[in-house]
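Sequences and hints are given; from them, build the entire structure.
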Amino acid sequence: MASLSLCSSLATTSTLSQNQKSAVPAFKTNLNFISRSLSSLRLALPKQPLFVPNFSQTGAPSSLAESETEPITEFEPTVEIAEAEPKREEVFAVVMVGSRQYIVFPGRFIYTQRLKGASVNDKITLNKVLLVGTKTSTYIGKPIVPNATVHAVVEEQKLDKKVIVFKYKKKKNYRRNIGHRQPITRIRITSITGYQDSPAVTLP
Amino acid sequence: MNKKEVFKLAKGFRGRAKNCIRIARERVEKALQYSYRDRRNKKRDMRGLWIQRINAGTRQHGVNYGNFMHGLVKENIQLNRKVLSEISMHEPYSFKALVDISRNAFPGNKAIAPPKKEGLAILI
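Here the protein sequences come in this chain order: L and E. Here the first sequence is numbered in the numbering used here, starting from 14 and rising by one per residue. Here the second sequence is numbered in the numbering used here, starting from 18 and rising by one per residue.
Please keep in mind that the hints were generated in silico from the structure rather than gathered at the bench. Watch out, some of these pointers could steer you wrong.
[As the list claims (entries may be wrong)] Selected chain L positions facing chain E (in silico; Cβ < 10 Å): (1) Y115; (2) P156; (3) V178; (4) Y181.
The beta-carbon is built from N, C-alpha and C at its ideal position, and this holds for glycine as well.
Put into C-alpha cells, the structure is as follows:
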C-alpha cells in the first residue's frame with residue numbers, strides 16, 4: 014500500500030522537479046499535471062476556489078482562499094505562462110499517518126491503515142506534518158512543522174487484497190493455510206495549509 | 018486447497034508444474050513458502066535500497082550517509098529513509114536544504130572539491 018501511494022506520487026513528483034528547473038518546458042508538464050489532477054478533482058468535494066483569476070471571492074470559501082493566497086503571491090513571478098490552470102498550488106508535504114510516512118500532494122489519494130471511527134466522506138486533518146515543500150521554499154520540521162495541517166477526506170474503508178499466509182515444516186506434517194486481508198482506508202488529500210514559519214529557502 | 022485453486026496459483030510456472038497436479042502442488046507450496054519469507058525480506062531489501070540512494074544523494078553534496086543521518090538525529094528531524102530517498106531523487110533542492118542542515122549540525126565532512134577532469138576533458 015505504501016508502495017502504491019509512492020507510485021502514484023512518483024509520476025507527479027517528476028513533473029514538479031521539472032517545473033523547478035526551467036520555465037519553458039514547464040508549460041507542457043503543467044498541462045500533464047493538471048489533466049491528471051483534474052480527473053481526480055471532479056471526485057473531490059468540496060470544490061476548490063479558483064486561485065489565480067479572482068482574489069475577490071467572498072463568502073464561505075473565503076477562509077480557505079485567504080490562507081492560500083499568500084503562496085500565490087510567491088508564485089506569480091515564476092508562473093508566468095501557466096496561468097490558465099492550476100486550481101491548486103504546487104505543494105507537497107510529508108505526513109505521518111498510522112506510524113508510516115507518506116509524501117502527499119493535494120488532489121491525490123493514499124491508502125493508510127484503517128482509521129477507526131471515520132466514516133465515508135468525513136473530513137480529516139492530519140497534524141503530524143514533517144516537511145512541506147513548495148516551488149520556492151521548503152519548510153523542514155523539527156520534528157513537525159508548527160501549525161501545518163493537511164486536510165483530507167475519507168473516501169473508502171475497505172480490505173486490502175488477500176494475502177495467503179502459508180506455513181509449512183518439512184517432514185513434520187505441519188502445514189497451515191491462512192488468508193489475510195488487512196483493513197485499510199483510502200484518503201483523498203484536499204489541501205495543505207498553515208506552514209508559513211521558519212522556511213529554508215531553496216532557489217531554483 | 019483443491020486442484021482448481023492450486024492450478025490458479027500455478028500460472029506461469031515452468032513445464033509440468035503448471036499442468037500436472039502432483040508436481041504443481043509441490044511447486045505451489047514452495048512458492049507460498051517463499052512468499053511468506055520474502056514478505057519479510059522485502060522490508061530489509063527496501064531499506065538497504067533507500068540507504069544506498071540517500072548515500073548517493075548526499076555524497077554529491079560532500080557528506081556521507083553516516084554523518085548525514087547523525088546530523089538529522091541531532092536536529093530531531095524524523096523523516097524516515099523511504100521519504101528521504103524519494104526526496105533525494107525528485108526534489109533536489111529540498112534535499113540540498115536537508116544536507117545543509119545536517120552539515121551545520123554535525124560538521125566533519127571535507128569540503129567538496131570540483132571533480133578532477135581527466136583525459137580530453139582537461140581541454141574544456
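Taking each numbered hint in turn, which are not upheld by the structure, reported in ascending numerical order? Per hint list: zero violations.
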